[in-house]
Amino acid sequence: MTPRNFLFTATSALAIACAGGAQAETFRLGTNGDLYGLDPHSMTDSFTVSFLNHVYEALVRYDADLKIEPALATSWEQIDETTVRYTLREGIKFHDGQDFSAEDVVASVKRAAHEDSPIRGNIAGLVDAKMVDEMTVDLMLDGPNPLLNNFLTNVLIFDSGWLEEHDALDPIDAQKGEEGYTTSNANGTGPFRFESRTPDAQTVLTVNESWWDEPQHNLTRIELNPINSDATRVAAMLSGELDMIFPSPLQDAKRIESTDGMHVLEAPGLRAIMMGINMSDKSNNPNQDGNPLQKVEVRQALVHAISYDLLRDKIMRGKSRNLGGLVAPQVPGFDEGVDAIPAYDLEKAKQMLADAGYPEGFSLNMNCPNDRYVNDAAICQALAAMFARVGVKADLTAETKAIHFERARANETDMFMLGWATLPMLDGYSVLSAMLHTPGGQMGTWNPGGYSNAEVDRLTQAVATELDAEKRHEMMVEAFRIADEEVAWLPLHAQPLSWAARDAVKIPQTADDKPRLWLARIE
Amino acid sequence: MFAFLIRRIIQAALVMLVVASIAFLMFRFLGDPISNLLPEDATVQDRAEMREKMGLNDPVLVQYGRFIVDAAQGDFGQSYRNNRPVSDLLAERFPATAELVLVAASLALALGIPLGIYTALNPRGWLSQGLQVVSLLGISVPTFVTGILLILVFSVTLGWLPSFGRGTVVDLGWWTTGFLTTSGLKALILPAIMLALFQMTLIMRLVRAEMLEVLRADYIKFAKARGIPSRMLHFKYALKNTLIPVMTIFGLQLGGLIAFAIITETVFQWPGMGFLFIQAVNFTDVPVMAAYLVLVSFIFVVINTLVDLLYNVADPRLRAERTPARGV
Chain A
0 MTPRNFLFTA
10 TSALAIACAG
20 GAQAETFRLG
30 TNGDLYGLDP
40 HSMTDSFTVS
50 FLNHVYEALV
60 RYDADLKIEP
70 ALATSWEQID
80 ETTVRYTLRE
90 GIKFHDGQDF
100 SAEDVVASVK
110 RAAHEDSPIR
120 GNIAGLVDAK
130 MVDEMTVDLM
140 LDGPNPLLNN
150 FLTNVLIFDS
160 GWLEEHDALD
170 PIDAQKGEEG
180 YTTSNANGTG
190 PFRFESRTPD
200 AQTVLTVNES
210 WWDEPQHNLT
220 RIELNPINSD
230 ATRVAAMLSG
240 ELDMIFPSPL
250 QDAKRIESTD
260 GMHVLEAPGL
270 RAIMMGINMS
280 DKSNNPNQDG
290 NPLQKVEVRQ
300 ALVHAISYDL
310 LRDKIMRGKS
320 RNLGGLVAPQ
330 VPGFDEGVDA
340 IPAYDLEKAK
350 QMLADAGYPE
360 GFSLNMNCPN
370 DRYVNDAAIC
380 QALAAMFARV
390 GVKADLTAET
400 KAIHFERARA
410 NETDMFMLGW
420 ATLPMLDGYS
430 VLSAMLHTPG
440 GQMGTWNPGG
450 YSNAEVDRLT
460 QAVATELDAE
470 KRHEMMVEAF
480 RIADEEVAWL
490 PLHAQPLSWA
500 ARDAVKIPQT
510 ADDKPRLWLA
520 RIE
Chain B
0 MFAFLIRRII
10 QAALVMLVVA
20 SIAFLMFRFL
30 GDPISNLLPE
40 DATVQDRAEM
50 REKMGLNDPV
60 LVQYGRFIVD
70 AAQGDFGQSY
80 RNNRPVSDLL
90 AERFPATAEL
100 VLVAASLALA
110 LGIPLGIYTA
120 LNPRGWLSQG
130 LQVVSLLGIS
140 VPTFVTGILL
150 ILVFSVTLGW
160 LPSFGRGTVV
170 DLGWWTTGFL
180 TTSGLKALIL
190 PAIMLALFQM
200 TLIMRLVRAE
210 MLEVLRADYI
220 KFAKARGIPS
230 RMLHFKYALK
240 NTLIPVMTIF
250 GLQLGGLIAF
260 AIITETVFQW
270 PGMGFLFIQA
280 VNFTDVPVMA
290 AYLVLVSFIF
300 VVINTLVDLL
310 YNVADPRLRA
320 ERTPARGV
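Chains as they are written, first to last, in numbering that gives the first Met the number 0: chain A, 0 to 522; chain B, 0 to 327.
Heads up, a few of these hints could be off.
Claimed, not checked - The list that follows gives simulated cross-link-like pairs (lysine-lysine, PhoX-like), each with its CA atoms no further than 25 angstroms apart:
no., chain 1, residue 1, chain 2, residue 2
1, A, K400, B, K52
2, B, K52, A, K109
3, A, K294, A, K400
4, A, K66, A, K505
5, A, K392, A, K66
Don't read these hints as lab results, they were simulated from the structure. None of the values given here were measured: they were computed from a predicted structure.
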């Protein structure tokens with residue numbers, strides 16, 4: 000290198016360094032688990048998909064208030080009962096420079112709906128996707144579907160040419176024993192480009208300067224650092240190695256708040272925590288004949304035996320929101336009347352049990368996960384203690400989620416914990432169809448207890464295809480009201496979201512527990 | 000020697016077959032992988048199809064047979080969670096664990112042996128007494144507690160060292176190393192100390208006990224009477240005999256270090272094999288768990304075989320005793 004050459008290189012390096020120093024804002028995010036991979040069509044893990052949403056985008060997206068807004072599509076219209084036409088946004092380029100067009104949408108939607116695709120449930124009912132012209136796509140469904148856009152927020156769009164080039168037009172086949180190209184490479188239209196990834200260590204995104212949307216953020220780089228251990232994640236936050244952690248353990252909130260320059264963001268989220276009830280003829284508890292839980296009066300008595308405030312204040316440290324119904328306030332189908340919680344009244348509960356024929360109480364089996372929801376096992380212990388006060392003996396088993404849910408599904412228990420965020424649908428229909436409809440076929444997949452009410456079934460089926468928003472809402476509320484009266488499930492609370500960030504970080508905390516860093520600023 | 004090796008290889012194969020069977024049977028009680036692979040609201044039919052596709056509906060023996068046949072060819076299948084071949088995942092994670100274990104083992108040896116010798120030669124010195132107390136702590140405090148304490152002191156309070164990860168690593172193509180960058184070296188310090196602490200105190204106490212024993216032996220007394228300088232006496236004659244049992248224990252412990260690295264890797268988010276295993280357990284990722292267990296048992300077997308061989312080299316008496324027996 001000649002001296003002159005050197006001088007030139009050195010000054011330009013300096014210039015680059017200065018320019019970078021003035022604006023470079025790296026967002027270092029710490030999470031409690033890593034991405035499953037880079038292919039948003041290969042898994043349903045909601046964190047993975049939400050993070051990949053920084054790289055890939057969908058036709059529509061949720062804004063910070065969880066309302067649907069246009070993204071890659073600018074508008075849509077219902078052409079007939081089963082066809083929706085999407086007009087695409089002009090002038091968008093993928094990160095590799097290819098133009099975005101209808102062809103990409105058709106290829107991506109078909110890939111997501113492919114029979115080998117694990118996310119095909121997210122666009123159930125899709126019959127076909129057709130290109131009308133370069134910038135228009137028709138989606139054909141097997142019936143009217145008021146929730147199509149909600150689902151589409153999670154169907155991220157690939158570049159068809161790029162997929163074809165890398166032999167990835169079909170979803171990854173888990174049985175092939177080969178790594179799919181899309182597992183470790185990414186090419187989307189989103190606000191950030193994929194730069195590098197070391198599994199379980201770090202994933203790096205850099206800003207996409209030519210993003211189609213007006214950026215709200217001022218970030219130039221995102222570093223995702225998975226730190227599974229709660230204690231280490233908090234320590235890394237406290238030591239200043241991270242800008243934000245999510246989730247932030249409830250028990251460490253005080254410690255973080257008391258540290259200068261840091262704060263905790265807390266809000267009740269979408270996920271409703273509830274107890275499922277065995278309604279079959281037989282109790283699973285060996286000491287119990289018949290099944291007392293079959294009687295509505297018994298289930299109503301149990302509601303009176305639960306002190307919701309105590310659960311919230313002692314177990315959830317005041318951070319959760321008590322729920323009388325099965326959905327959180329942000330979810331369509333929520334109703335204040337249904338949400339009202341019956342009074343905590345032990346005498347009344349005992350009286351109701353006696354009237355129902357169980358003056359001495361009864362026994363039941365209770366099952367809980369101990370690694371799935373916030374303080375899950377502790378909640379169940381408290382519930383068992385509360386039931387004991389009215390003579391109901393709950394034999395509690397708390398175990399790992401993989402076993403818990405298997406047992407719950409097989410109805411091997413009398414009462415089990417389940418959390419339901421209604422995502423990606425973000426609609427009460429998710430609860431109605433999966434948890435309240437009589438089990439069978441596509442319906443009642445999470446109703447192992449076997450709750451069944453003809454009116455609820457009828458309303459659920461009507462809600463599925465009703466396109467009028469108002470009518471739809473009324474029907475949902477009516478179904479939830481019936482379920483509430485009959486205590487089909489025992490709702491407990493909306494689980495709190497807990498993030499922690501440096502004070503310099505400004506980010507809207509969205510109730511779906513998905514940090515949207517394209518709305519984040521570092522000041 | 001050759002017969003010995005053959006015998007060991009057959010034994011090793013048997014051990015690994017047993018480990019594989021236990022692993023395989025055990026994982027059947029860990030839960031259903033399907034529940035992690037499909038969305039919560041997947042239909043019964045979706046689940047059934049997925050089970051069928053993944054071969055989970057076949058009889059246990061068929062599944063086991065398939066697993067053994069594939070494993071023997073080095074094919075451990077595809078990770079459910081990562082959508083990648085298990086052998087690739089393990090190969091990718093091996094360097095992280097190997098470097099951590101290497102540094103921890105060196106640390107344990109480099110500090111444990113001299114400290115053990117010192118405490119043996121000066122049994123009543125105040126420093127020796129102090130070291131004895133500290134080493135008792137090192138043995139009795141659970142490692143994850145020391146890990147968290149180290150993070151609290153050196154990362155949160157002092158801000159000297161990173162609390163998680165491997166820092167910047169250099170990719171050599173077949174190996175990723177943290178030895179070549181400052182951040183990589185800094186990241187190694189705390190996890191290596193955490194992992195080494197127990198081994199170091201163990202080695203120190205072992206060396207001390209053995210050395211005290213040896214120093215009481217007749218040949219040392221005679222050598223002393225003969226006027227051999229104490230330096231030569233301690234380090235040439237006594238130390239050699241001290242180190243033979245230490246070597247065996249250390250060989251066994253080296254396998255233990257790899258296995259115990261699971262805890263260190265979990266605390267420090269160290270992207271090694273142990274961490275991969277813990278994640279696999281949480282996800283019921285059976286192919287990864289099975290492969291990890293088989294691999295670790297393989298490492299154990301190899302290390303122990305090597306130790307036995309070294310034992311033969313280090314102790315001439317073993318060779319002498321075995322020679323006539325071979326003819327029979």
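Here is what the structure says about each hint:
The suggested pairing of K400 of chain A with K52 of chain B holds, with an alpha-carbon distance near 23 angstroms, which does not exceed 25 angstroms. Under the criterion of a C-alpha separation no larger than 25 angstroms, the hint pairing K52 of chain B with K109 of chain A is consistent with the structure, at around 20 angstroms. Of the supplied pair hints, the one linking K294 of chain A and K400 of chain A is violated, its CA atoms being roughly 29 angstroms apart against a limit of 25 angstroms. For the given pair, K66 of chain A sits about 20 angstroms from K505 of chain A by alpha-carbon distance, which is consistent with the 25 angstroms threshold.
Distance check on the hinted pair: K392 of chain A and K66 of chain A sit about 44 angstroms apart at the alpha-carbon level, beyond 25 angstroms; violated.
Hint compliance for this structure: hints 3 and 5 are broken, all remaining hints hold.
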